[in-house]
Amino acid sequence: MIIEPRPSVSILRAGLAPVWAILFAMALCAVLIAWAGGSVLTAYGLLFKGAFGSAFAINETLTRSIPLIFTGLAASIAFRAKFYNIGAEGQLYAGALAATFFGTGLVTLPPFLMIPFLVIMGALAGGLLLLVPVLLKTKLKVDEVVTTLLLNFIVLLVVGYLIEGPWKDPMSLGWPQAASIIDEGVLPPLLAKGRLHAGLILALAMAVLMWVMIRFTVQGYEIRAVGNNAKAAEFSGIKVNRTVIMTAMISGGLAGMAGVSETAGLKGYLTLDLSPGFGYTGIAVAMLAQLNPLAVVPAAIFLSAVYVGSDAMSRAINIPTYIADVLVGVSVLAVLCSVMFSQYKVRLRA
Amino acid sequence: MHPVLEFRGVTKRFGTLTANDAVSLTLDKGEVLALLGENGAGKTTLMNILFGHYQADEGEILVDGNVLEPGSTQAAITAGVGVVHQHFTLAGNLTVLENTTLGTESLWSWRQDNKGAREKLVSLAESYGLAVDPDAQVSDLSIGEQQRVEILKALYRDARILILDEPTAVLTPQEAERLFATLKSVSQSGLAVIFISHKLHEIMAISDRVAVLRRGALVGTVATGETDSAKLAELMVGQVVKRPELVPLDAGKPILELGGVSTPGDGATSLHDVSLTIHAHEIVGIAGVAGNGQGRLADVLSGLIGGFSGSVKINGAPLAAGSPRDVVASGVGRIPEDRHARGVVGDMEIWENLASEDLRAPELSRGAVFINKAFGVSRAEQQIQEFDIRCEGPFAETKLLSGGNMQKLILARALSGQPSFILANQPVRGLDEGAIAYVQSQLLNARKRGAAILLISEDLDELMALTDRLAVMSHGRLSEALPTGSRTIAEIGLMMAGQSAEQQVA
Amino acid sequence: MSDLIDILLTAGFWAATIRIVSPLIFGTLGELICERAGVLNLGIEGIMTVGAMSGWMWVYQGGDLWGGVLFAAGMGALFGLLHAIFTVHLGLSQHVTGIGITLFASSLSYFVFRMLLPSATTPPKIVPFQSLSIPRLSDLPWLGEALFSQSALTYLAILCVPAVWYVLFRTPVGLAVRMAGENPVAVEAQGINVLAVRTGAVMVGSAFMAVGGAFITMSWFDAFYFGMINGRGWICVALVIFASWQPGRALLGALLFAGLEALQVRAQQSAGAFIPYQFFLMLPYVMSILAMIFMAHKTKYPQALLVPFRRGERV
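Chains as they are written, first to last, in the working numbering: chain A, -6 to 343; chain B, 295 to 800; chain C, 991 to 1305.
Honestly, the hints are just simulated from the structure, not real lab data. There's no promise every hint is true.
Claimed, not checked - What follows is a set of in silico ranges between Cβ atoms, one per label pair, in the way DEER data are often shown:
no., chain 1, residue 1, chain 2, residue 2, range
1, A, 202, B, 656, 22 to 28 angstroms
2, A, 202, B, 308, 50 to 56 angstroms
3, C, 1081, B, 475, 38 to 44 angstroms
4, C, 1056, B, 693, 51 to 57 angstroms
5, B, 418, C, 1290, 28 to 34 angstroms
6, A, 338, B, 296, 53 to 59 angstroms
7, C, 1081, B, 669, 49 to 55 angstroms
What the hints assert, rightly or not - Covered stretches of chain B, going by a simulated chain A footprint (3 or more residues, C-beta under 8 angstroms):
no., region
8, 629 to 642
9, 663 to 671
10, 778 to 792
We treat Cβ as the ideally placed atom computed from N, Cα and C, and that holds for glycine.
When you get a sec, could you build the whole thing from the sequences and use the hints?
Right, dumping it as structure tokens:
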């Protein structure tokens, strides 16, 4: 087998790559659905209806996509610099911890200051958490994948300790949860009905901001150059370590914002089930978006729809909800493959 | 009686490029055949087909009259083909013995016969004069010793056809002489040898017969005794491409001044008390075997290394050590050693690579935030025209450029700012004759204009032809730079091996 | 402090350490084999989940215990093959593929578990491996309980350490694997198929990982829970670095971590009043990070780790 680059890749071919991947993932899950005894068409019909079939469903799908946009952006930016931050889950909780620490009465400001304050504190917390792995990588060449993964477990245990211990809300009737964010800090709802909140605006703004940064700025140029060829970047005068550290701070910050948005926007208080793995799903979002910040938005909405829709589907025809996780896992692998096939020709003979 | 090896109409295409065009060639027992051709003529491709790394699109290869199974390295080895690749295929963390015995026993046997292997290796090494310690770790060996291990690897597998791909590129002249002696004894014992090179004087010295490849096609096979260098050169290049010549110029004021530069560490790759002055209108060459400190010196002058002692001055002012962008801004043009690894970012567009060194300069980015793309692109368009970079335009992906055009891009970036000092590290390695002539003439133009140029090369011929003065680097120490031609090749070779001039006299 | 020494002196502590070291040994050896061949396998967390689920399910469906171990190993090898197709044959990012395999393998395990046992509220149980007392030796005071009254799978894990060492360092196939991780071109030049060597190593390594997962459900516990691997795979990846890619040191590192875990369970009982249990649970993860920092400058890692090999690639 021999693999060689295509001389030019049309935009259509590149753009279709994630679509092929999604189709492949859905085909594979169709086998599982058939095994579960469901009709594939009915099942996917239910999934679509569950995600987009009513105003309520759309509202819910968009709400769930907010943290995925943040974590998808976090992965996109970091992966661009070949910094494999798999710790968005931990950084999300770090952001939530910051929002809880500052937002439950310690600081009181008018809403137009309080909300930005919490967002910034959450972003700082996420970035600071990632500082450990990124410094270990740049100074000691310790692989960041393992350290960021291990930190996820550590952060979750810290959260568990805090909400069962010192931060436990006395009014929670024994449930392990922290006190509620004060009213000034709550992200306002966007619609009269449903749970959609202002986190969406922030997420969209971040997507545009990241896109502009990657495409039009010196910093974005440097991130791309470092990710593609760090030695050449260094030779041309780019401070490679500084760029990787800056990228990590941005990435951790974005994941931290997801935590603020979930705590101050959706739930109102910190619990241990704040995120059902948004950090990990963010990797799938980023891969489907081919690390393009603008494409992160539709990719996040798509995967959010898969989760929301599969809840409805599994209730209706008794298929385990894990089908959604399978689809996410397969799509990461499938998109790796399909992007490669869009850029390279594979021939079977040398 | 069959020839030992026969190529019959071997053709290999890569996309639109025909790397080998119906090549037919024979090799006899005990013969040394030189395969001559410039870079990109298809020599290595032909050998890779023989060794099973590629499969030919047409044609076949016969060993002792039997067709060789295409695409199988195992079949080639079994048939008695041994290759010493240009880039050694050794694992540095493993021992000589481990490197040699890999693949010689059935993979599924329960133990490795190290005792028998060691005896065979030692006796082979003795009979061919290739002394090497079987238990040494390969990374501890010199380049010359590593090459001996490669030859032993082939002999250990009872090779009857030994192929050496550009074997002298990394050796000192004396090591090359020693290699030639080995090849003579190997061929006298009945092996057939193919010696791949683009250096004419070597080919005249070692071979019995020369086969010349040009753009993938075999353009002639001649007995070495019946030809001379000039005829071979013409066969190799087709029409005669004249490399530019050095016209004498009076040296101007000093531009680069190195005073007692040392870098931390005491290995051969660190610098030890290096001093050198280069003047305007002057090209100074540095000869040496790879890995003797040239890379570190280039890194210091490129601004990549901040930690060194001693002084480096450009136009009288201290070098902005450790900051490539400031070094460039102070009038230094840099051509890196490996254009793919360090020269360009392959996935980025041509205009972006042309802008990489002065990205934060005011004309390219406002407040070092937003890139002024319009300026970058229009400047790139000019440079593409001025330096004749063949491409689809400033937005084409850089990795799609050919080697010569990629080097032109790097030249455009390094020379457009009219630098007063130019660091050229292996600027023509791997290029074809046309591109070599272009790069060299650009360097000579810069010299004429008044630039000071430091040329680092492993190719002594290039250095002898292109430099005003020449210094030799060995174990991180730099000899005095004397006018080129005041030392003989043999003297330079001994200095490359680490002997000082005084030692030679004594 | 004296509490600590008391714990360290009990045979029960050592018996527990040796028992829970088994999955770490299997996982670390598996990762070590993959990385020696030049392939980082971050699918380990998911592959251990697959092993835990499939081995257990085999027995639950009526199969015997050793059949379950073999089945788990086979499933692990299958996911190893998937990882190898992506990283070895297609040359795709080993980091991203590994994470993808983990996401896919663990979610598929949960899906299959729920499919086969849709309404189980309390986790169903199997009869796990029983401890196998070695006659006479197990009667030794103290040592007998710690070393010689373990389950067969534990003995297997410990035997695997010298076996893997022997194969890697004393046989031709081991040399080929190590060379594939050092310089794949050298392997190809000697007429050995690099892609086959790497694929084989990843499959065997993944089978080891899956057996490590199976140990947890078939010998340590007797049921399958969601999230029961709980980062053990990632700890194994850190242990490989800690062990400098040497099987013997991998055993030492695994023992250290297992001891920590056994200690933590016991220390919680005595010190739980003062120190919240979460901090005990944190120890293995914190120690893993510290281990990697500690070894960062000292190791000689395989030169071709993370470097894909493409046959006939024009350089």
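These are the hints, each one checked on the structure:
Between residue 202 (chain A) and residue 656 (chain B) the CB atoms are about 24 angstroms apart, so this pair conforms to the stated range of 22 to 28 angstroms. Distance hint check for residue 202 (chain A) and residue 308 (chain B): the Cβ-Cβ separation is about 43 angstroms, which falls outside the suggested range of 50 to 56 angstroms. One distance hint, 38 to 44 angstroms for the beta-carbon pair residue 1081 (chain C) and residue 475 (chain B), holds here, with the actual separation near 42 angstroms. For residue 1056 (chain C) and residue 693 (chain B), the Cβ-Cβ distance of about 53 angstroms falls inside the hinted range of 51 to 57 angstroms, so the restraint holds.
The beta-carbon spacing between residue 418 (chain B) and residue 1290 (chain C), approximately 29 angstroms, falls within the hinted interval of 28 to 34 angstroms. At about 39 angstroms, the beta-carbon gap between residue 338 (chain A) and residue 296 (chain B) misses the expected band of 53 to 59 angstroms. Distance hint check: the CB atoms of residue 1081 (chain C) and residue 669 (chain B) are about 38 angstroms apart, inconsistent with the given range 49 to 55 angstroms. Counting residues of the region 629 to 642 of chain B whose C-beta lies closer than 8 angstroms to any C-beta of chain A gives 9; at least three are required, and the coverage claim holds.
Figure legend: the region 663 to 671 of chain B, annotated as covered by chain A; annotation consistent (4 residues with Cβ-Cβ distances under 8 angstroms, at least 3 required). Given a C-beta distance limit of less than 8 angstroms, the hint that chain A covers the region 778 to 792 of chain B is violated, as 0 residues qualify and 3 are needed.
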